[in-house]
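Protein chains: 2
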Amino acid sequence: MTTTTGIKEVARRAGVSIGTVSNVLNRPELVATSTRQRVLDAIAELGYVRNDSARQLRAGQSRQIALVVLDVTNPFFTDVVRGAEAAAEDHGVMVVVCNSGEDAHREQRHLELLEEQRVRGVLITPVDEGPNSRLEQLIQRGTPVVLVDRGSGRHSRCSVAVDDILGGRLAGEHLVEQGHRRIAFVGGPMSIAQVQDRRAGIAEAVEGRAELVVVPTPNLTVAAGRAAATQIASGPDGERPTAVFCANDLLALGVLQEMTQRGLRVPQDVAIVGYDDIEFAAAAAVPLSSVRQPREQLGRTAAALLLEEIEDDGRHEHRHVVFQPELIVRESSGRPRGRRKGR
Amino acid sequence: MTTTTGIKEVARRAGVSIGTVSNVLNRPELVATSTRQRVLDAIAELGYVRNDSARQLRAGQSRQIALVVLDVTNPFFTDVVRGAEAAAEDHGVMVVVCNSGEDAHREQRHLELLEEQRVRGVLITPVDEGPNSRLEQLIQRGTPVVLVDRGSGRHSRCSVAVDDILGGRLAGEHLVEQGHRRIAFVGGPMSIAQVQDRRAGIAEAVEGRAELVVVPTPNLTVAAGRAAATQIASGPDGERPTAVFCANDLLALGVLQEMTQRGLRVPQDVAIVGYDDIEFAAAAAVPLSSVRQPREQLGRTAAALLLEEIEDDGRHEHRHVVFQPELIVRESSGRPRGRRKGR
DNA sequence: GGGTCCTTGTGAAACGTTTCATAGACTGGT
DNA sequence: ACCAGTCTATGAAACGTTTCACAAGGACCC
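Residue numbers (the numbering used here), protein chains in the order written: chain S, 76 to 418; chain R, 76 to 418.
No wet-lab data here; the hints were simulated from the structure.
Distance windows between CB atoms, simulated: (1) R:P293 <-> S:H180: 39 to 45 Å; (2) S:E211 <-> R:S231: 48 to 54 Å; (3) S:S92 <-> R:I93: 26 to 32 Å; (4) R:N101 <-> S:D387: 35 to 41 Å.
The following residues of chain S were derived to be distant from chain R, with all beta-carbon distances above 10 Å: (5) E84; (6) R88; (7) V106; (8) T108; (9) Q112; (10) E252; (11) P264; (12) A278; (13) E314; (14) L339; (15) V396.
Example chain R residues on the side facing chain S (calculated, C-beta under 10 Å, incomplete): (16) Q131; (17) Q139; (18) T148; (19) N174; (20) G217; (21) V361.
Backbone N, C-alpha and C fix where the C-beta goes; we use that ideal spot for every residue, glycine too.
Taking the hints into account, I'd like the entire structure generated from these sequences.
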């Protein structure tokens with residue numbers, strides 16, 4: 076029993092034509108005050124609600140942009156969402172948040188639905204780098220797309236990203252300086268570009284100065300971190316890495332929990348560095364060193380770029396905004412301070 | 076330059092009528108295999124994408140349900156989102172996630188937009204309990220609504236909730252048993268029913284056995300927790316509460332950070348109990364005692380109830396599902412185990 | 001070989017808006 | 001009085017679908 080009153084009934088009730096009602100709604104200055112009031116009253120009495128489908132159909136455009144994230148559950152993305160919402164709000168457009176859950180199929184499905192809905196534009200962190208058919212098509216057919224947290228190598232699109240290679244390098248430099256000679260990189264799937272880049276970054280920094288062991292994970296969750304830690308901890312004692320760099324903080328938190336549970340001390344037995352510097356990193360059992368990214372700003376900038384592209388429907392220069400990450404050193408990788416006797 | 080090809084062009088290209096194209100799309104079994112293939116080819120060649128506005132307009136219904144949460148950034152809600160998505164997926168409906176940010180105005184605005192979009196139903200944790208005009212109207216006009224994590228006292232709607240009074244009581248009993256005689260409740264705004272209930276629960280448990288000090292907060296964030304802790308810690312030494320029960324884990328984490336920073340030991344100097352048992356609670360500096368809620372299940376059940384109501388458009392019995400919370404005792408409120416000498 | 005059914009395909013009528021060209025009614029200026 | 005110019009309001013034509021009643025062509029049965 077959805078709302079059944081249309082503009083037509085309102086018109087009848089107010090004793091005007093439907094064109095007039097539409098004008099009251101869209102260009103009120105064109106209609107005389109008394110008439111306008113009459114129409115407004117009719118609307119209120121009838122509880123009329125504009126039918127957006129019809130409006131869109133006629134207008135040819137919607138008032139929404141979409142944000143497709145890899146994981147709604149990850150604090151990194153929720154902050155990006157907030158940023159994007161903030162930027163969109165001023166422009167009167169609504170942000171539809173979609174969660175691909177790192178699953179290419181769900182991503183495709185969302186993209187299809189969004190295109191059918193004729194969203195004005197899409198902000199997306201694609202699941203994989205490969206030739207993403209749906210996304211390519213979407214772009215080709217003219218929907219503005221901004222890549223979030225992903226350099227747009229092959230795509231000639233706007234993009235907003237953080238230099239993940241640099242981030243990985245910062246972590247690597249730091250760990251090498253702390254004297255670690257066998258370092259594990261925990262992260263995956265490698266199809267995710269950020270993971271690739273962070274790995275590449277640390278590999279570069281460590282090159283020739285320490286050994287890098289890659290421990291792949293199926294995703295970027297706390298659970299995956301624990302599993303990875305199990306694998307690392309169960310290696311022969313002499314060969315166990317003395318430091319772990321995780322592709323994100325969720326993994327790092329998982330590694331931390333598992334290591335602690337196994338009686339390995341952090342950072343004395345194993346140092347840990349995470350990535351994202353989510354709010355919970357600082358509050359962890361052992362405050363986590365992490366590579367900080369300007370998350371909210373990332374979302375805000377991405378949305379701003381998209382809106383700019385939407386508005387300049389004439390000529391638009393694609394831009395690539397790259398933010399610099401920053402290493403925040405805390406206890407998990409720092410010189411152990413008190414708490415237990417060092418070494 | 077949005078997609079410009081319509082069903083009409085496809086029809087022309089395939090040499091059939093538009094009715095046939097529509098049939099291929101919606102009831103393919105009605106059209107002969109050869110024709111169907113010809114149409115499908117035309118669709119592929121032209122890159123045709125169905126216009127959902129037009130479809131909805133004609134069909135009178137959308138394929139979306141909405142989920143309006145108080146704070147996307149709060150892990151509690153992100154889990155609810157996941158649950159709802161899971162339930163919706165099977166039914167082929169899309170979940171639109173909206174963030175009210177605990178702001179009644181934004182909530183209203185979202186509700187308006189959603190109603191204009193003729194969403195099939197709404198899952199919502201309303202900002203305040205008061206006579207929420209938009210929400211009432213929405214319901215009255217016939218959109219199915221399920222209240223999430225909120226008993227539907229005044230509304231005669233379906234609802235899914237966790238017994239927050241019980242949750243508060245569990246925390247209270249526990250703290251009293253641990254010997255605390257002056258306990259602080261941190262949370263707010265009081266307009267949020269969950270906060271109210273949790274407070275009421277602990278008040279009930281503590282009644283006559285200990286003193287309860289209420290420290291209101293403007294919202295449920297880590298920052299608000301730190302502020303509250305500052306206030307508590309700066310009270311005269313003798314009068315400082317020896318335990319703090321927070322309305323959610325974000326607050327608790329904030330309190331924990333601030334207390335630790337001020338040199339107060341947890342749990343020896345101050346015990347802390349949080350609420351929600353988010354993933355990060357266990358990983359905190361001092362693992363946090365917390366009242367656990369079945370978050371994902373909450374979302375899943377809510378969506379299921381909504382879908383049920385949508386499908387039984389005939390007669391539908393509103394139901395109220397109430398889950399029981401569970402107190403998870405960890406170090407932050409437990410008997411201090413090792414680490415430092417007690418008391 | 002005429003009737004009955006089934007299978008395919010068609011054309012036109014909605015759906016609820018927005019927009020646009022135009023009509024009517026005033027206002028003033030001459 | 002008449003013409004030009006302003007304001008207001010109108011009706012009809014889109015927008016891209018879905019749906020529905022119906023027609024054309026076989027196939028089948030007696």
